[in-house]
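Number of protein chains: 2
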Amino acid sequence: MTDTKDQSKAQKKAEKQTKQAKQTTVPVVGGKKTDDIIGITVKKSENFSQWYQEVVLKAELIEYYTEISGFFIMRPATMYIWNTIRKWFQERIEAMGVEETSFPMFLSQKSLEKEKAHVEGFAPELAWVTKAGEKDLDVPVAVRPTSEAVMYPYYAKWIRSHRDLPFRLNQWNSVVRWEAKQTTPFLRAREFLWQEGHTAHLTEEQAAKEVLEILELYAGIYEQLLAVPVVRGRKTEAEKFAGGYYTTTVEGYIPSNGRGIQGATSHCLGQNFSKMFDITVEDPNEKGKHLYVWQNSWGLSTRVIGVMVMIHGDDKGLVLPPRIAKIQSILIPVGLTAKMTAEEKEAHLKKLDEILDILKKAGVRAESDLRDGYTPAWKFNDWELKGVPLRIEFGPKDAAKDVVSYARRDTGEKGTIPIAELTTKVPEMLETIQQDMYNRAEKAFREHRLQITNWDEVVPALDAKNLVIIPHCLVPECEEQIKEMTKGRSDESPDTPEGQKAPSMGMKSLCIPFEQPEGIVKGETKCLNPQCSRFAEAWCMFGRSY
Amino acid sequence: MTDTKDQSKAQKKAEKQTKQAKQTTVPVVGGKKTDDIIGITVKKSENFSQWYQEVVLKAELIEYYTEISGFFIMRPATMYIWNTIRKWFQERIEAMGVEETSFPMFLSQKSLEKEKAHVEGFAPELAWVTKAGEKDLDVPVAVRPTSEAVMYPYYAKWIRSHRDLPFRLNQWNSVVRWEAKQTTPFLRAREFLWQEGHTAHLTEEQAAKEVLEILELYAGIYEQLLAVPVVRGRKTEAEKFAGGYYTTTVEGYIPSNGRGIQGATSHCLGQNFSKMFDITVEDPNEKGKHLYVWQNSWGLSTRVIGVMVMIHGDDKGLVLPPRIAKIQSILIPVGLTAKMTAEEKEAHLKKLDEILDILKKAGVRAESDLRDGYTPAWKFNDWELKGVPLRIEFGPKDAAKDVVSYARRDTGEKGTIPIAELTTKVPEMLETIQQDMYNRAEKAFREHRLQITNWDEVVPALDAKNLVIIPHCLVPECEEQIKEMTKGRSDESPDTPEGQKAPSMGMKSLCIPFEQPEGIVKGETKCLNPQCSRFAEAWCMFGRSY
Ligand SMILES: [Zn+2]
Ligand SMILES: [Zn+2]
Numbered sequence: 001m002t003d004t005k006d007q008s009k010a011q012k013k014a015e016k017q018t019k020q021a022k023q024t025t026v027p028v029v030g031g032k033k034t035d036d037i038i039g040i041t042v043k044k045s046e047n048f049s050q051w052y053q054e055v056v057l058k059a060e061l062i063e064y065y066t067e068i069s070g071f072f073i074m075r076p077a078t079m080y081i082w083n084t085i086r087k088w089f090q091e092r093i094e095a096m097g098v099e100e101t102s103f104p105m106f107l108s109q110k111s112l113e114k115e116k117a118h119v120e121g122f123a124p125e126l127a128w129v130t131k132a133g134e135k136d137l138d139v140p141v142a143v144r145p146t147s148e149a150v151m152y153p154y155y156a157k158w159i160r161s162h163r164d165l166p167f168r169l170n171q172w173n174s175v176v177r178w179e180a181k182q183t184t185p186f187l188r189a190r191e192f193l194w195q196e197g198h199t200a201h202l203t204e205e206q207a208a209k210e211v212l213e214i215l216e217l218y219a220g221i222y223e224q225l226l227a228v229p230v231v232r233g234r235k236t237e238a239e240k241f242a243g244g245y246y247t248t249t250v251e252g253y254i255p256s257n258g259r260g261i262q263g264a265t266s267h268c269l270g271q272n273f274s275k276m277f278d279i280t281v282e283d284p285n286e287k288g289k290h291l292y293v294w295q296n297s298w299g300l301s302t303r304v305i306g307v308m309v310m311i312h313g314d315d316k317g318l319v320l321p322p323r324i325a326k327i328q329s330i331l332i333p334v335g336l337t338a339k340m341t342a343e344e345k346e347a348h349l350k351k352l353d354e355i356l357d358i359l360k361k362a363g364v365r366a367e368s369d370l371r372d373g374y375t376p377a378w379k380f381n382d383w384e385l386k387g388v389p390l391r392i393e394f395g396p397k398d399a400a401k402d403v404v405s406y407a408r409r410d411t412g413e414k415g416t417i418p419i420a421e422l423t424t425k426v427p428e429m430l431e432t433i434q435q436d437m438y439n440r441a442e443k444a445f446r447e448h449r450l451q452i453t454n455w456d457e458v459v460p461a462l463d464a465k466n467l468v469i470i471p472h473c474l475v476p477e478c479e480e481q482i483k484e485m486t487k488g489r490s491d492e493s494p495d496t497p498e499g500q501k502a503p504s505m506g507m508k509s510l511c512i513p514f515e516q517p518e519g520i521v522k523g524e525t526k527c528l529n530p531q532c533s534r535f536a537e538a539w540c541m542f543g544r545s546y
Numbered sequence: 001m002t003d004t005k006d007q008s009k010a011q012k013k014a015e016k017q018t019k020q021a022k023q024t025t026v027p028v029v030g031g032k033k034t035d036d037i038i039g040i041t042v043k044k045s046e047n048f049s050q051w052y053q054e055v056v057l058k059a060e061l062i063e064y065y066t067e068i069s070g071f072f073i074m075r076p077a078t079m080y081i082w083n084t085i086r087k088w089f090q091e092r093i094e095a096m097g098v099e100e101t102s103f104p105m106f107l108s109q110k111s112l113e114k115e116k117a118h119v120e121g122f123a124p125e126l127a128w129v130t131k132a133g134e135k136d137l138d139v140p141v142a143v144r145p146t147s148e149a150v151m152y153p154y155y156a157k158w159i160r161s162h163r164d165l166p167f168r169l170n171q172w173n174s175v176v177r178w179e180a181k182q183t184t185p186f187l188r189a190r191e192f193l194w195q196e197g198h199t200a201h202l203t204e205e206q207a208a209k210e211v212l213e214i215l216e217l218y219a220g221i222y223e224q225l226l227a228v229p230v231v232r233g234r235k236t237e238a239e240k241f242a243g244g245y246y247t248t249t250v251e252g253y254i255p256s257n258g259r260g261i262q263g264a265t266s267h268c269l270g271q272n273f274s275k276m277f278d279i280t281v282e283d284p285n286e287k288g289k290h291l292y293v294w295q296n297s298w299g300l301s302t303r304v305i306g307v308m309v310m311i312h313g314d315d316k317g318l319v320l321p322p323r324i325a326k327i328q329s330i331l332i333p334v335g336l337t338a339k340m341t342a343e344e345k346e347a348h349l350k351k352l353d354e355i356l357d358i359l360k361k362a363g364v365r366a367e368s369d370l371r372d373g374y375t376p377a378w379k380f381n382d383w384e385l386k387g388v389p390l391r392i393e394f395g396p397k398d399a400a401k402d403v404v405s406y407a408r409r410d411t412g413e414k415g416t417i418p419i420a421e422l423t424t425k426v427p428e429m430l431e432t433i434q435q436d437m438y439n440r441a442e443k444a445f446r447e448h449r450l451q452i453t454n455w456d457e458v459v460p461a462l463d464a465k466n467l468v469i470i471p472h473c474l475v476p477e478c479e480e481q482i483k484e485m486t487k488g489r490s491d492e493s494p495d496t497p498e499g500q501k502a503p504s505m506g507m508k509s510l511c512i513p514f515e516q517p518e519g520i521v522k523g524e525t526k527c528l529n530p531q532c533s534r535f536a537e538a539w540c541m542f543g544r545s546y
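Top to bottom, those sequences are chains A and B.
Read in the UniProt record's numbering, the first sequence has 70 at position 70, and its numbers run on one by one without any break.
Read in the UniProt record's numbering, the second sequence has 249 at position 249, and its numbers run on one by one without any break.
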């Protein structure tokens, strides 16, 4: 079918390119291939940005997609975490009555034009398909950045009566937002996996209730699965979803650089979209009168994994909370010396296999590392890099005492466990690790949320890696001013990601926390911005952020 | 943010378009909105194509995506089936050691060019992104039609040693093939959901073993879940995967039009791609010698659902095999007359609720239909349309006898079951329905696979809705000839889908069945094509096909 000469030429070219790709994708540090080094080459506290990039790469969560910039390959370690989250969330929304759907990935110019405020928010990042094969399309189509405009024309068709409400659909897919900004694995990518729920309700109250139920599930994913604390709150007008009514959010915090990070958002769209897309039902209380439905949309993406890595990882690499770790405990034979006979070794490994069995039967996701040609120390480093929560070592000395030795990944704590107690102690220890990881992160976040009532303390607080909670008027112009006023200090710390160096970023509003401190008197307390003459409406959390 | 006047204008335009969409997406038959009619308006035997389109639409499997032609919305009823298949398959490949991954949806021109024969197969159907926001991309990127060219550059990086083999990844996603041909829900769409597995092995033998293991799982999805019989076999050179070594397939049969349909394919790619992408390991038996790995790829798509609908559906609508039915049994109160008191009705409904509980506890996916304002007859039709395998009716007469009445969706068979026996009889009956559905379809397929050794019988056999199994030389040119020779008979039957009418399609090779009949003597038996002078290599199954 193809010309042989051409094919051979193409083959050579391809081979050359592949070799180049192989070489360029191995980061070289100080002349030595870092690929040959076990572990991370920089300290988290010294170069946070490079540390993060090395961790996600070397722990095999991510591969950089060198073919097209801004895209990342999700490897099995990532997919395990994502699938655990998916299952947890899916069970809970199913119980709420949310059904699954799958809409096309493309949307037409026509449906995009229906909701102007919404489309303006996404237009600069839309990827446009203009050609199919060799032919130009009559009308270009865009890859969905989110599916409101894809789905809602059908809601108008499917929702015929108030008896169809609440109408709730969710889909798991990927969306494309062709970011111009610097991309970062998980946190900002041009394509990412997420779920997007889109629901319709008869009343504002019913919609509002669901918005918070979903937000609480998002908080649960962070807190219960990923051991990451979040602050629940509402976005200001300036930061809410384009075209929506109001946005609720869970906000996280990265201690290493003191940045806030949006965790996941649950939006009430109000009747804005239902009016644009003509989604109505007859009023159950008044025949002939039509009501526009109240709509919500809510989404959680693979970003959650990046937040977890940044918070829990350390200089040795990834640290996984046990509940989302594919391997919770790795069992490694140690102390097998050259002096031992083949029979002795075999007997020892048989015992180790029995221990593995005991752990598995106790519901622990355990594996053993019997790889030849690697020292125990090398294996320790390898599994630490990959974040396995609990290492169990088993050597002849342990065998003599009917115990195993363990090392916790999160604290490095070491000790022994009697083999007879494995089935209770190991699950307990995993649960303790999970709790301790959460508690440490919660403490760090709590201590770096400063409630401030003196403007002069704001920038020093930010520079000391805090978020601030201040009295604020909630007016967009004031937020814009605050962003400008807090910019421009030198930010020479090496852990600032590329493209965000000097001048330091201004702070933006993260959320109006639901848990409001005392102290604001309406019509009396002033907005903290000294250039703003308005009264404060609420305590608002601000910070430098992703 | 937006000009109010503009917005109001845009709003009016949008409303008008939405109203038009609402009207145009309701098929109108004979001046009456078919949407108001319960059930399907044409007979399966009289207009198979329209029958199919009505069933998938009215049973709420699919919605036509009117914004962009060739795309379809998968509704919850579809997603339930797809997720059931996904779970079944995922469990089994996980047990084989296949891990999950997620690669970007775009591929670059560069990686496309590496495998010429492969890319030639897909080039005419590639959707090209050329713009992001307002800016033209420096290098256009294509939406993946399949991921060989996306993934294999990374296999070259990740596979470093024969100890990494077998190396197996699978991903669940959607792919885009911008078909120029007429699209059909599930069977041929410009975007579809599927899984694609991509594996690498040390030897041809190991690769070959996996190819068949996966093919057997595909057959299991058809036979065990969807109650659809398939023939396992190998594709001829002319029909194999572009760029691959050989392709195995499961082939189905649609009795209504006598067409064959490719069910799912498991490919051995040989070393073709590993040579192009330089995927090598050191020979474990010879230091310094490098071997190209043996690769497989295999995929199964939402097409399976369309095959199931076509085979099992009837004039009343969808018929679902119990194992993939979200609702296996629907419980409907009957005989509630105006003469009954409120208390009597309440007592009856309470009993019905207890029956529902019994069924659920017995592991039956049961629901009750207590909707007001609909007659039992209307409800019967509605659930028949949606394919629920077993209807259970419960009226005062049943209550008096401590029984329920039932009606099987597949056969219409009716009878009663003592309430005391529900927990055993209903699961048994569902299993019987599953088996009976398979057996009927298996018989139909078996009776329409004609082994033919006389060329003159071929076209009449096709016209009588058969597939044929003939001695064949397996040479592509001969297949091409056969396709031409069997074309051109008038094909006026109204069940031929639009765009495929007159002249009737020629037959193509579907597979070389693994189960070969006796009777071919190598070097003696001639190829059945009278214009071909070659000897027959094997019995080959031919047919008109999708
Ligand atoms: Zn202010
Ligand atoms: Zn021939």
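Read the hints as simulated data drawn from the structure, not as lab findings.
Worth double-checking, as some hints may not be accurate.
Each pair may be met inside one copy or between any two copies, as identical chains are not told apart.
In silico DMTMM-like cross-links for lysine to aspartate or glutamate, where the CA-CA straight-line distance does not exceed 25 Å [what the hints assert, rightly or not]:
#  : residue 1 : residue 2
1  : K157      : E63
2  : K131      : E120
3  : K316      : E179
4  : K350      : D402
5  : K157      : E60
6  : K181      : D138
7  : K483      : E205
8  : K414      : E484
9  : K414      : D314
10 : K397      : E421
11 : K345      : E216
12 : K131      : E179
13 : K287      : D372
Is it within, between, both or neither when you check K131 against E179 at 25 Å Cα-Cα?
Classified as both: same-chain Cα gap 22 Å, cross-chain 13 Å, threshold 25 Å.
Please sort K181 with D138 into within, between, both or neither, judging by C-alpha distance up to 25 Å.
between (31 Å within a copy, 17 Å between copies)
Homo-oligomer pair classification [E120, K131; C-alpha up to 25 Å]:
So K131 and E120 pass the 25 Å test inside a copy (24 Å) and across (17 Å) alike.
Quick one: K483 to E205, C-alpha cut-off 25 Å, is that within a copy, between copies, both, or neither?
Neither: 34 Å inside a copy, 64 Å across copies.
Could you figure out if K414 and E484 sit no more than 25 Å apart (CA to CA) within one copy, between two copies, both or neither?
Neither, since 50 Å and 76 Å both go past 25 Å.
If the cut is 25 Å between Cα atoms, do K316 and E179 qualify within a copy, between copies, both or neither?
neither (31 Å within a copy, 50 Å between copies)
Intra- versus inter-copy proximity for D314 and K414 (alpha-carbon distance at most 25 Å):
within (18 Å within a copy, 67 Å between copies)
What label fits K157 with E60 when the C-alpha limit is 25 Å: within, between, both, or neither?
For K157 and E60, the Cα distance is within 25 Å only across copies (12 Å; inside one copy 45 Å).
Evaluate K157 and E63 at a C-alpha cut-off of 25 Å and name the case that applies: within, between, both or neither.
Intra 42 Å, inter 10 Å, cutoff 25 Å: inter-copy only.
With identical chains treated as interchangeable, where does the CA-CA distance between K287 and D372 reach 25 Å or less: within a copy, between copies, both, or neither?
Close across copies (18 Å), not inside one copy (78 Å); limit 25 Å.
When Cα atoms must be at most 25 Å apart, do K397 and E421 count as within-copy, between-copy, both, or neither?
Only inside one copy: K397 and E421 sit 18 Å apart there, 61 Å across copies, limit 25 Å.
As a check of your reading, is K350 near D402 (CA-CA no more than 25 Å) within one copy, between copies, both or neither?
within (14 Å within a copy, 60 Å between copies)
In summary, the numbered hints that this structure violates are 3, 7, 8, 11.
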